[in-house]
Amino acid sequence: MIAALIIVFREVFEAGLIIGIVLAVTRTVRHRNQWIGGGVLVGVLAACLVAVFAGALSNLFAGMGQELFNAAILTIAVVMLTWHNVWMARHGSELAGELRAAGQAVVDGSKSLLALAVVVGVAVLREGSEVVLFLYGVVAGSDDSALSVALGGFVGLALGALICMLTYAGLVRIPTRALFATTTVLIALLAAGMAAQAAAFLEKANWLTAMDNVVWDSGWLLSDASIPGKALHTLIGYTDQPTAMQLIVYVAILAVTFVLMRLYGAPVKVQAAAAVRG
Amino acid sequence: MFAAAALLAVSATGPANAQSATEIQLSYKDKKFDPAEITAPANTPIVIKLRNLDAKAMEFESKPLKIEKVVAGSSDATINVRAQKPGRYEFVDEYNEKVARGTLVVK
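Same order as they appear, the protein sequences are chains A and B.
So the first sequence is numbered by the numbering used here: it starts at 1 and just counts up by one.
So the second sequence is numbered by the numbering used here: it starts at 1001 and just counts up by one.
Bound conformation, chain A alone (with noise of 0.2 Å):
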């Protein structure tokens, strides 16, 4: 029962972060809740479909299906959150005031929610799939244990969905006018981390073969297999081995989010532009 607990939460553990900052940006906005429901529900199911044909998505480009798979669903979410971001220098304060309920406001919105459907949804599914297929697993096995591991199972899932909760919790706390900031910065990295974790899907495939030298190895410092280090590096994109090109997709990420908040953003929201930069 305890080694279906870890599998699952180390699955879920990523989600579980990802949708609690999620919930935290959302926070003033209407309707969120159906949004962010929705994306979840999508990321199951999806998650369900890419169990039952992991086969054949594997055998597709050479057998390297999967990791292209996650290299694509990763860059969507990437363009998701940075879209996300140059949105919110521009309309972010309009949203927060009380012009929320204007209409145009309004339709922008839930577009907004609609890209951070996408990535709560792609979060999900990207490690639902391998809880889906450990389960199933399980399930169709005719061990006795069926039954406390499913018990495990789901005690793990429950632990993902409490760590979404202290996430959200967290981020509350602050106060508004720092939130936006603090969450500007969050999901400029996040976007980051993301671009870098699809670079290295890439190169597993020998589809990015330039500058994959490791630059360094933090691995005796903080190990990205321990939960500190898993943490990290969903939030941050913290890697213990980053390859040269990963380093540059992940500061090109910043750099682009950056100019296009500055492009893009309305004068006064200058000022949380500046702020990524730090």
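Quick caveat, the hints were computed from the structure, so don't treat them as lab data.
One or more of the hints may lead you astray.
[Said to hold, decoys possible] Below 27 Å or equal to it, Euclidean Cα-Cα: the simulated DSS-like pairs (lysine-lysine) are:
#1 B:Lys1032 with B:Lys1063
#2 B:Lys1029 with B:Lys1066
#3 A:Lys230 with B:Lys1063
#4 A:Lys230 with B:Lys1066
#5 B:Lys1085 with B:Lys1107
#6 B:Lys1056 with B:Lys1032
#7 B:Lys1098 with B:Lys1032
#8 B:Lys1032 with B:Lys1066
#9 A:Lys230 with B:Lys1085
#10 B:Lys1029 with B:Lys1056
#11 B:Lys1029 with A:Lys230
#12 B:Lys1056 with B:Lys1066
[As the list claims (entries may be wrong)] Here are some of the chain B residues that sit facing chain A, going by a computed Cβ distance under 10 Å:
#13 Ser1020
#14 Ala1021
#15 Pro1041
#16 Pro1045
#17 Lys1049
#18 Ala1055
#19 Ala1057
#20 Lys1063
#21 Ser1075
#22 Asp1076
#23 Ala1077
#24 Val1081
#25 Arg1101
#26 Val1105
#27 Lys1107
[Claimed, not checked] Looking from chain B toward chain A, a few residues come up when the C-beta cut is under 8 Å (computed):
#28 Asn1080
#29 Arg1082
#30 Pro1086
#31 Glu1090
#32 Val1092
Just so it is clear, CB atoms sit at the ideal spot from N, CA and C, and this is done for glycine as well.
Given chain A's structure and the hints, the job is docking chain B onto it.
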């Protein structure tokens, strides 16, 4: 967006050739890797051809090698491992971590 551009750029050139990679055959049956110890030369890329003979899916995972790959029941998978320094690198089936273990020895 940069990543999207990069994705397009690499997909245009297609997969690069793994130069002189060492190919290793590995099978998985009844929650056991066969052989449980595989060897490869140092400083060259390694390709593990894994054949899952069990009906259930498994997840090939190696923390030191930074690999996580789901392999569906009764199917094959190709795992690319970057060139490694000499050493012993453990791998497991994450779904049966206690019993399903193996080691890659790089010399």
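Against the earlier hints, flag every one the structure doesn't satisfy and list their numbers going up. Result: hints 11, 13, 15, 25, 26, 27, 30, 31, 32 break, sorted rising.
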